[in-house]
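Peer 1: The primary structure of each chain is shown beneath.
2 protein chains.
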Amino acid sequence: MKQLEERIRHDGTVKPGNVLKVDAFLNHQCDVALFDAMGAEWARLFAGRQIDKILTIEASGIGIACLAARHFGDVPVVFAKKTQSINLDGDQYVSSIYSFTKQREYPVIVAKRFLHAGDHVLLIDDFLAKGNALHGLIDICQHAGAKVEGIGIAIEKGFQEGGRKLREEGYDLKSLAIVEGMDPETGEIRFAESE
Amino acid sequence: MKQLEERIRHDGTVKPGNVLKVDAFLNHQCDVALFDAMGAEWARLFAGRQIDKILTIEASGIGIACLAARHFGDVPVVFAKKTQSINLDGDQYVSSIYSFTKQREYPVIVAKRFLHAGDHVLLIDDFLAKGNALHGLIDICQHAGAKVEGIGIAIEKGFQEGGRKLREEGYDLKSLAIVEGMDPETGEIRFAESE
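Line by line, the protein sequences give chains A and B.
For reference, each letter of the first sequence is one residue, going 449 to 643 in the numbering used here.
For reference, each letter of the second sequence is one residue, going 449 to 643 in the numbering used here.
Just chain A, with the same shape it has in the complex (with noise of 0.2 Å):
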């Protein structure tokens, strides 16, 4: 998707570790009209499957998926959480993940009264680079017995392994914009041939 490759590209840092920062309009201030754009995008590229619930995972998949949402016929998003409260209770899916970024593994949890057998799901999330919060997110599908329709992603680091095992996997993956290289020294980011 050109519009997020140049935004990117325009507002994007790359920080020594491969560490792409992209804070300024995607995961901690949100550019809004991006993110229906990028709805709009994957309303296309999904065109023609049954869709009925958005799953993501808090926080920053929030934001997207919601806005998205409204391009898949306004579908409920569900969002799953990465602690316990007082809030959450009944019965739930828990799954574990390790999150590189926050540097320890945490619980994902969805309510079972919002994810059910049959239900039709595409996964939303920020970010792709290993993968493990996906693995976490399809994990609780296959618990549900839900089926995982499609997974959109904005940005995927190509040059990690998570989008080929997925791909590998059967899942129909759609990455808005798939950077295959990033150098911290001059800044300059490469992006893979977008559908």
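Worth flagging that the hints you see were computed from the coordinates, not collected in a lab.
Don't take each hint at face value.
All copies of an identical chain are treated as equivalent in the list; a pair is satisfied when it fits inside any one copy or across any two copies.
[To be verified] Simulated crosslink set (PhoX-like; lysine-lysine; CA at most 25 Å straight-line):
{"no.": "1", "residue 1": "Lys595", "residue 2": "Lys578"}
{"no.": "2", "residue 1": "Lys560", "residue 2": "Lys469"}
{"no.": "3", "residue 1": "Lys450", "residue 2": "Lys578"}
{"no.": "4", "residue 1": "Lys595", "residue 2": "Lys469"}
{"no.": "5", "residue 1": "Lys469", "residue 2": "Lys530"}
{"no.": "6", "residue 1": "Lys560", "residue 2": "Lys463"}
Given the structure is predicted, the values throughout are model-derived calculations rather than measurements.
Once you have looked at the hints, place chain B on chain A.
Peer 2: Then chain B, alone, in the frame of chain A:
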């Protein structure tokens, strides 16, 4: 806002300890068409005010803030973070608040480059009870020299002191539904008259 009140009556659950669970449509599963209507209502209530940024707090505020921003000319949404991560670098505004639902102190963090002196800010959050989270956001705005033009809340617990205090402090607080009382025995929910 009648639509929100009816939804709370229909899908909300009253629990002992003045707990109102609205995770079916507001803070775990999200009804984006309702969020859009809430955004339109805040735009009506804050018409005439200069709003050039929306500030909210992860995680439940993000979805409603992003859909509300579309009704305020697609202004940027900044969501305050509750945990440090390697993705948060540079200078930060940090406040500290106590959460009754999480039952612990946690930080409220906004990168300094996303909030500036002279910004006209609308604060958005899903719930207002004691007002701790909002006071964290207000504290950060004061440190930044940003002006809090208004506060948009989805559900205010009118029987707790947060809303009264904020109005006494002079803030233009618009809660779309104000719960005056709840009965965990009968499930009855009483609302204050809305504007």
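Peer 1: For every hint, state whether the structure bears it out.
Peer 2: Cross-check of the supplied hints:
| no. | hint | in the structure |
| --- | --- | --- |
| 1 | Lys595 to Lys578 | within (22 Å within a copy, 41 Å between copies) |
| 2 | Lys560 to Lys469 | between (34 Å within a copy, 15 Å between copies) |
| 3 | Lys450 to Lys578 | within (24 Å within a copy, 45 Å between copies) |
| 4 | Lys595 to Lys469 | neither (32 Å within a copy, 28 Å between copies) |
| 5 | Lys469 to Lys530 | both (22 Å within a copy, 18 Å between copies) |
| 6 | Lys560 to Lys463 | between (39 Å within a copy, 19 Å between copies) |
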